[in-house]
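Q: Sequence:
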Amino acid sequence: MATRQTQTIARSMLAPAVVVLFIWMIYPLLRTIYFSFMRYNLQRPDVFGFTGFNNYYYFFLDGGFWPAIVNTLILVVGVLFITVIGGILLGMLLDQPIFGQGIVRILVISPFFVMPPVAALVWKNMILSPSYGVSADIAKFFGLSPVDWFAQYPLFSVIMIVAWQWLPFATLILLTALQSLDGEQKEAAEMDGAGFISKFIYLTLPHLARAITVVILIQTIFLLGVYAEILVTTGGGPGYASTNLPYLIYKVGSVGGDVGRASAGGVVAVVLANIVAIFLMRAVGKNLDK
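Heads up: the sequence shown begins at -19 in the working numbering, then just goes up one per residue.
Among the hints, erroneous ones may be present.
25 Å max Cα-Cα, derived DMTMM-like pairs, lysine to aspartate or glutamate [stated by the list, open to error]:
1. Lys104 / Asp117
2. Lys179 / Asp75
3. Lys104 / Asp128
Label-pair ranges, simulated between beta-carbon atoms [unchecked claim]:
4. Leu73 / Arg190: 16 to 22 Å
5. Gly205 / Phe33: 22 to 28 Å
6. Lys120 / Ala189: 41 to 47 Å
7. Gly205 / Ile107: 49 to 55 Å
8. Arg190 / Val50: 29 to 35 Å
9. Trp4 / Ser234: 20 to 26 Å
Worth flagging that the hints you see were computed from the coordinates, not collected in a lab. All residues carry an ideal CB built from backbone N, CA and C; glycine is no exception.
Construct the entire structure; sequences and hints are all you get.
A: Right under this line is the structure:
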């Protein structure tokens, strides 16, 4: 009886938060689905009516849809590759007893707290600018011509910016996992004559498997919504070279004023994000059960 009463009290205390969260998430989604079936353009507010699946049809036929899908996948995979590899290397470095270890850790983690538009502006104007950026100064020092990164390699430039922001997160998670590695296992491996590479492959990497899976899951969910860095730096160009799905939706809705087609794109993005999230959650579950 006491257990049932405790459960009832716990559920009643959680109910308001659940209701608010439900309304906060479901209502905007339902409105988006509603507008995705309506002919609604901010430039023609007098024309409003049911249009069926035409918004989805025209959105899929948009010249930037498939390039945006490809760019989204490239961006996510590219950032994950850099952050996971870099996170492992930085985590192993910070796990060593070095002078000023606390300060170094703070400096490594600090980029994660920089707002995306600010980070994009810093990279655009101070680092990758072909006129007065750090990369231009380095190129001139070696007698080379500065590279206009955002014009010649727009998507790669965006990947570098986003990876710089998310690398601290991966480093923090992987460093925490490294610190939980049993020291006796390391000593036993060393006594058996295992070198650095052998310890890394057969001891460290399997121990980091769960942490790597969590990093990939969390980052993928957020990376599917990258938008500000593209808006500030490349504007999705040249052409559709750096346009991903969220930016295409912004371009159709805010710039073009077509709320109906943008809503259809939003529904498509939500469906794709949920498919990826379900797939990754199952992968995480299998990994954690091992």
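Q: None of the hints should be skipped; say for each whether it holds.
A: Evaluation of the provided hints:
{"no.": "1", "hint": "Lys104 / Asp117", "result": "holds (14 Å)"}
{"no.": "2", "hint": "Lys179 / Asp75", "result": "holds (15 Å)"}
{"no.": "3", "hint": "Lys104 / Asp128", "result": "holds (10 Å)"}
{"no.": "4", "hint": "Leu73 / Arg190: 16 to 22 Å", "result": "holds (21 Å)"}
{"no.": "5", "hint": "Gly205 / Phe33: 22 to 28 Å", "result": "holds (25 Å)"}
{"no.": "6", "hint": "Lys120 / Ala189: 41 to 47 Å", "result": "holds (44 Å)"}
{"no.": "7", "hint": "Gly205 / Ile107: 49 to 55 Å", "result": "violated (24 Å)"}
{"no.": "8", "hint": "Arg190 / Val50: 29 to 35 Å", "result": "holds (30 Å)"}
{"no.": "9", "hint": "Trp4 / Ser234: 20 to 26 Å", "result": "holds (22 Å)"}
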